[in-house]
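Chemist: So the chains spell out like this:
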Amino acid sequence: MDELLVDFLSESAENLESIGADLVRWEEAPGDRALLDRVFRVVHTIKGTCGFLNLPRLGRLAHAAEAPLAKARDGATVPDNHFISTILAAFDAIQAQLAALEAEGAEPDGNDDALIAVLETVGRDAGVVERSGIDRRNPLPGAARPAAAVRIGVNLLDELMESVSELVLARNALLQLGMAEDGGALATAIERLSASVSEVQDRVTRTRMQPIETLFGPLPRMVRDLAAELGKSVRLDLAGGRTELDRQLIEAIRDPVSHMIRNAVDHGIEFPDERRRRGKREEGLITVSAHQSGSQIVIELSDDGAGIDVEQLRSKVVGAGLRPAADVLRMSDDDARQLIFEPGLSTSRTVTAISGRGVGMDVVKTNIERIGGTVDLDSTPGQGTCIAVRVPLTLSIVPALMVEVGGQRLAIPQAGILEVARVDGPVAVEVIGDTELLRLRGSHFPVIDLARQLGLVPDEGERFAVLVRSGRLEPCAFLVDRLLDQEEIVIKPVAPVIAASGLYSGAAVLGDGRPVLILDLSAIGVAANLVERDGGSLGAARDAPPPAAAIDPLVLFRMDDGIQRAIPAVLVSRVETVPSGAIQRTSREWVLVRDDMTIPLRALAGIDPVVASQVLIIDQDGAQMALPISAVVDIVTDPVVIQSAISDDPMVAGTAVIDGQVTEILDPTALLGDVSVTSRRRGTVLCALKSGWAAMLLKPALERAGYDVIIADAEGLGRPEWFNGTLTAVLCDEEGARRLAAGGRVDGVPQVRLGGPDVPRGGLKANDRDAVLAALAAVAGQS
Amino acid sequence: MGYMLQVDIAGQEVLIPADQVQAVVRPGYIEPVPGVAPDIIGIMTLRGRVLTVIDPAVRLGGSVGSLHEAVAVVVRWGEHGYALLCDRAAEVREVDDADLAPSPSGFSLTWQSVSLGTAQVGMRRLAVFSPGRFLTLFELGQTAGSPA
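Those protein sequences? They're chains A and B, same order as listed.
Counting in the numbering used here, the first sequence runs from 1 upward without gaps.
Counting in the numbering used here, the second sequence runs from 1 upward without gaps.
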């Protein structure tokens, strides 16, 4: 592309960007002469250059937009809303053509006759309008540029920066050499050199800085348009626009910031009537401010909207299958609010054109973290949300912790580090099952032994745990041999052949001139399958069965009669608070009325459901049921010994003592009982599974699919009526098969074998109901 | 084809087109890179850049020389700089286009895929090694047959 054209494009883009905020302010102050002059000057410059560069279409459009502006400057017309909207439309068209020009290198085909016609009428209305508040004597200001400026490509600045980094390293080496010579002429010279090198470094860094205004520029317009589209009223306050940060960084946070503002307008700020009802000003307020704090830039975005509805968020996360219900229920509200960053989540009930583009807060967070930044969110229901984005001053320099693993020096970016601890005494690595966990102040974190991941031999002796939370990774502990020091490092990319290992995100040159590799802990964690949840290949690659099946956590709760009860947590999708009057009775059953639908309610004998303050929503294969309770007590993950049922209540499977408290374990089968049972009978299945819970969990699904289910346990095996030839299939694991074979009673009945820890990967899992049903259907069809 | 640098790679004397070579250096400190292919000896710095150090002998067969005596041919491929370890960098030769010939049919597939042909240097015919082709082959992780 022609160099002149490139210059024109970048200059015009800058001008339009800087004018973005002015255009919106113009509506509030149509008589502002200085503002009008600025707008005029931008259009005028574009028009002039178009003639020079032979861009007839753009030139004609700019000319048409200039005419009414000129009239306004002469005082022949006063800009009204229509006037300003038309000029805004012209700016949009100019911007679109510039974009096309940049992409294609030539003007796009077509013409702008319609828009030009409107622009002409705007100009013609002229004289009728009363002249007011416009000072005609004011000459066009800023005709002379304040300081001489030269355009420099960013590439050149990057190269300059690289040379300076090298200069700094050479200076450091010299300093060390010069140290030996005390106070001599060489030492003095080195000192002077050192001082100028620092100065050069500082100035080169500054050449790459831009005020954050360039990022703020388009925001007022965006908010105005969005709000208008949605029928909301939103004011945007910007502060700290003069804060400077690295040009590349501004580009890197541009999309995340504008996405969060879109979110605030779309989901945060309520509609005017809603705001009035809540006693707020009808006009919502979004504040964006920037300031420097140490070596970081803090950008705060806050709105005075509805805040995040934690309960809705919880149920969304569980409903979308992003996290197990048990985990979500256990979270504090503060932690639950952070679920907004969960991949694959969209909190809005309705997907809108504005923010429902499949880009969630997780992408925002990932993008900010990629440049070494952090995102913190705080939200108060009814009062609004505040998000603080912290990014380093420059993109390429990040603080990092140097560690040693198996004699190798490695760098860990500090952005994701939560804590560093010596593995000693109360901080210990415990082996639970086949998993190593780090115990730290009562919490357990998954452990990744970096030496093992990297194929190195760890040093003997003490070790350190670096607790990291990063990207999609759940907080986990990385074991290293030694902590070295902290350094500011300049990240350089590594070659694809190294990046392909998935272990390193880059490399850097340290003060001693040696290179160091930067660990990509997020990727290492993902490879180790420590992601909070994922669908697909990674999970399948793991040999061990998922922990949910192994531990069977229980939700403990109380009902109105004060008795503690429990059901398997996998069945509970969420806890809901019941508004008064929502539990009602039909002639046949109790229901929970929510919005315009009802959910069947399971009332236990002797308990009046109407007094329940909460319900557990139980989700089974899409069918929902509500269980009225007074409060959730706890989630227990320890194995529980279930004794036989002492109650005749069919809903109760047995009792157990949990934390010294007798607890009734409800029978999920009976609870879910008649929820949409298929009428077609497929036969009888004998479940001979080592885990009683696995059988209990499978039973409702099997029954709904049309099978009668018999659960064989240690005592039941002796009952002959089970083997009288009516069985369609046997569902068993290794152990069950052995026991059955020893009895010799079920020869000839097709078996569906579930995989256990001793079955190689690829085995059928008890928690994969669909696969189990498919396998059953296959063998049932044969017999 | 102009000037070529004569070096020993994987125990063979080869020519590398001089315009593809950025520098020939004696590698200083090389930081190992755990968990990657064995060909990647490590990373080193050169004038503020980080280079990936590769020993072509691992993929091309032939004798792996001693690291202490090695020299590194620095090339740029794509966005990245690489240092290819050689046993010896001899001299720069001027090669006429007339002295170039296609690879002999006796070449192994690997050598065929990393060379641009052969060139006559004095009384001898040497393979013309292409760092770009070698790195492409390396990135693809394909060794199309092993050398004799």
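Hints listed in this document are in silico derivations from the structure and should not be mistaken for laboratory results.
Glycine residues also receive a C-beta, built at the ideal position from the N, C-alpha and C atoms.
Among these hints, one or two may not hold up.
One-sided excerpt, in silico: chain B residues whose CB lies under 8 Å from chain A [to be verified]:
#1 Tyr-3
#2 Val-25
#3 Pro-27
#4 His-80
Footprint (simulated), chain A over chain B, 3 or more residues, beta carbon under 8 Å [what the hints assert, rightly or not]:
#5 8-21
#6 43-52
Far from chain B by the CB rule (all over 10 Å, computed), these chain A residues [what the hints assert, rightly or not]:
#7 Ser-165
#8 Gln-408
#9 Gly-433
#10 Pro-496
Chemist: Look at each hint and say if it fits the structure.
Modeler: Hint-by-hint comparison with the structure:
no., hint, verdict
1, Tyr-3, "violated, 27 Å"
2, Val-25, "violated, 14 Å"
3, Pro-27, "violated, 12 Å"
4, His-80, "holds, 4 Å"
5, 8-21, "violated (count 0)"
6, 43-52, "holds (count 8)"
7, Ser-165, "violated, 5 Å"
8, Gln-408, "violated, 6 Å"
9, Gly-433, "holds, 26 Å"
10, Pro-496, "violated, 6 Å"
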